[in-house]
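Student: Chain by chain, the residues:
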Amino acid sequence: MGAALEIRNLHVSVNNQSILKGVNLIVQQGEIHALMGPNGSGKSTLSNTIMGHPAYEVTAGQVIFDGVDLLELETDERSRLGVFMAFQYPVAIPGVTVANFLRNAINARRKVANVDDKGIPIPQFRKLMIEKMDMLHMDHTFAGRYLNDGFSGGEKKRAEILQMAILEPKIAVMDETDSGLDIDALRVVSDGVNRLYNADLGVLVITHYQRMLNYIRPQFVHIMMNGQIVESGGPELALTLEERGYDWLREKQNGEN
Amino acid sequence: MATRRRAAREFIAPPLTRDMVEALSARYNEPDWLRQKRLDAWTVYESLPMPTTKDEAWRRTDYRHIDWASAGVLLTPNGGRVEEIPAANREPLLGEEQGGMVAFVDDGLVYHDVDQRLRDQGVIFTDLRTAAREYPDLVRAHLATEAVPADQGKFAALNAALWTHGVFLYVPRGQAVQLPAHSIFYANRPGAVIGRILVVLEDGASIDYLHESLSPDLNADASFIGAVELIIKNNASLRFVNLQDWGHSMFEFSHQRARVGNDGQLDWVSGQMGGKMIKAFLEIELDGKGSWGRMSAMYFTDGSQFMDLDTQQNHNAPHTTSDLLFKGVLKDQSRSVWQGMIKALPGAQKTDGFQANRTVILGGEARADSIPGLEIQADDVRCTHASATGQIDEEVLYYLMSRGLPRMEAIKLTIDGFFVPVLDRIPFEPVRERMMAYVERKLLGS
Chain A
1 MGAALEIRNL HVSVNNQSIL KGVNLIVQQG EIHALMGPNG SGKSTLSNTI MGHPAYEVTA
61 GQVIFDGVDL LELETDERSR LGVFMAFQYP VAIPGVTVAN FLRNAINARR KVANVDDKGI
121 PIPQFRKLMI EKMDMLHMDH TFAGRYLNDG FSGGEKKRAE ILQMAILEPK IAVMDETDSG
181 LDIDALRVVS DGVNRLYNAD LGVLVITHYQ RMLNYIRPQF VHIMMNGQIV ESGGPELALT
241 LEERGYDWLR EKQNGEN
Chain B
258 MATRRRAARE FIAPPLTRDM VEALSARYNE PDWLRQKRLD AWTVYESLPM PTTKDEAWRR
318 TDYRHIDWAS AGVLLTPNGG RVEEIPAANR EPLLGEEQGG MVAFVDDGLV YHDVDQRLRD
378 QGVIFTDLRT AAREYPDLVR AHLATEAVPA DQGKFAALNA ALWTHGVFLY VPRGQAVQLP
438 AHSIFYANRP GAVIGRILVV LEDGASIDYL HESLSPDLNA DASFIGAVEL IIKNNASLRF
498 VNLQDWGHSM FEFSHQRARV GNDGQLDWVS GQMGGKMIKA FLEIELDGKG SWGRMSAMYF
558 TDGSQFMDLD TQQNHNAPHT TSDLLFKGVL KDQSRSVWQG MIKALPGAQK TDGFQANRTV
618 ILGGEARADS IPGLEIQADD VRCTHASATG QIDEEVLYYL MSRGLPRMEA IKLTIDGFFV
678 PVLDRIPFEP VRERMMAYVE RKLLGS
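Read top to bottom, the protein sequences are chains A and B.
With my numbering, you'll find the first sequence wraps up at 257, consecutive numbering, no jumps.
With my numbering, you'll find the second sequence wraps up at 703, consecutive numbering, no jumps.
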């Protein structure tokens, strides 16, 4: 069995406001989990806390990957351990081409593994990039464009998946990757994730809607409300949610309280 | 108390004299017209006061801490050798080739070579003193006459009177030169070097030209009094890249000015990296109808560097276009000033002028001042400006770090990207790489 991302009793505040109130979740390599929940339930807070955004303050709990306490690590160190997040709103970096950026990202990994590393040879890098762009049905001119600068919503999300394909993470958090995508773009992006999915990749798909789960099929579905995971189940849970909305869960919550 | 003591100090002139002008001209057996030109300039120099912070153009530039006892000693030939110039700066600009190179160490010519193809086209590329002797009519007609005459300012007058060395680049009518020209001023000792560049492109001529000025870090103050004259006649086209990487004790005072004739084109890129204090006036005079001038600069200051770049885009004729893009990064306690003016004379209708200055502050104590200005006397014009100063967006760094880049590499990549629009305007790949290396050195330096 591969490594696992383990989130234990995680409490997180932003600007002194408590957002996550005791989240527990385990994602193994080779598993696909979906995390669903209404707006403001804390889904993006969870993904950014996993990745280490400086604005999120962990007040209690743990995030462990492969036995390593992620909360002790900088964002770049988490990435190099194999944790990846596909951003909901990827940031534009004017003047930095997709190719230049990817080469820097690969070389940062190589350099940490071996300080004397001279970087990936250019022909090898080009071959890798072209192979991954072809897999994602991307035009090769994409490599020469400035990262996310003037990209359409679909292009941004595809660029995220391209990065994931090149960095080959062990755990990938997809933060509302479906938002802002039309059905064709959603299919291409989902198809890309499915191609990357293997026994060494654990995926946490964060989404509002069931529709992405028609393409990326999770084995586990979790519902987050008010900073906690309130329900976990199999793929059928997403369908129940689609049919009945969140109200029955709210009622169930109130009943238990 | 400190402020009172400082205010009491005066704006002192360097210890230079009329006798030195005579001696310099005599040492090189200069022709009478040149000797007289120097003396006339000296008269202008003496008639002008040293600029002070009461003068608008010098309001933010206080040079009273310069030690003229060291920086004001006029250097004399000392047997400099071309090998003293760092090898990277001497490399050809296009793979194995360049059209020629003229290099000076301090005030002495140490290297001169011009490709036969340029000679065949009638291109003159040589040191200014030789040019004044061999091509007196050409030099006399253009030297300190229309671009940077002595009366431009105190330091312009000083340069015209006492220039110690210089470069002359001349391209005859209709000649399109394929290989770039390259010149170097290397200042290797404390003292004053007074360098001058004169470029004349006759009608329809075109060339690319790189000039670089540099010095090692010296343990006493040095000064560079510079003048650059770019004369681009009708339908001529010049791409000019001017880089400086002075050592940390250098004070530069320079006037750089271009005049562009009908349908002429000037693409001018400055790279400003070193120096203790830089005060440079960079001006484009769009004299001819349909002329085009683009001015770009990248600068990166650290430590206690001070850089004041004063630009003018003067639209003196109709259908003229100017475009300015200055991008700077500041670290530590360094400071930059950009003061830019677009002027359109009456009758300069259908002109289009743009200026943008963008700075990134990397350290909390650094400061960048941007002072754009428009002075429009024609009514059918489009002139706009933009400026912005800020820090690197933490969200950008977070994004890059989430892909495994350590924070410093994320900063470097962001800064590289910031400079790319200016770097892309440098037509020489090795020079772009060298500029990137400067940036990296500045970023990683403490």
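In case anyone wonders, no lab produced these hints; they're calculated from the structure.
One should not assume that every hint holds.
Unchecked claim - With a straight-line cut-off of 20 Å between C-alpha atoms, the simulated EDC-like cross-links for lysine to aspartate or glutamate are:
#1 A:K111 x B:E666
#2 B:K588 x B:D626
#3 A:K111 x B:E697
#4 B:K669 x A:D117
#5 B:K669 x A:E74
#6 A:K118 x B:D626
#7 B:K669 x A:E77
#8 B:K588 x B:D636
Student: For each hint, tell me whether it holds in the structure or not.
Tutor: Outcome of the hint check:
no., hint, in the structure
1, A:K111 x B:E666, "holds, 12 Å"
2, B:K588 x B:D626, "holds, 14 Å"
3, A:K111 x B:E697, "holds, 17 Å"
4, B:K669 x A:D117, "holds, 19 Å"
5, B:K669 x A:E74, "holds, 18 Å"
6, A:K118 x B:D626, "violated, 40 Å"
7, B:K669 x A:E77, "holds, 18 Å"
8, B:K588 x B:D636, "violated, 42 Å"
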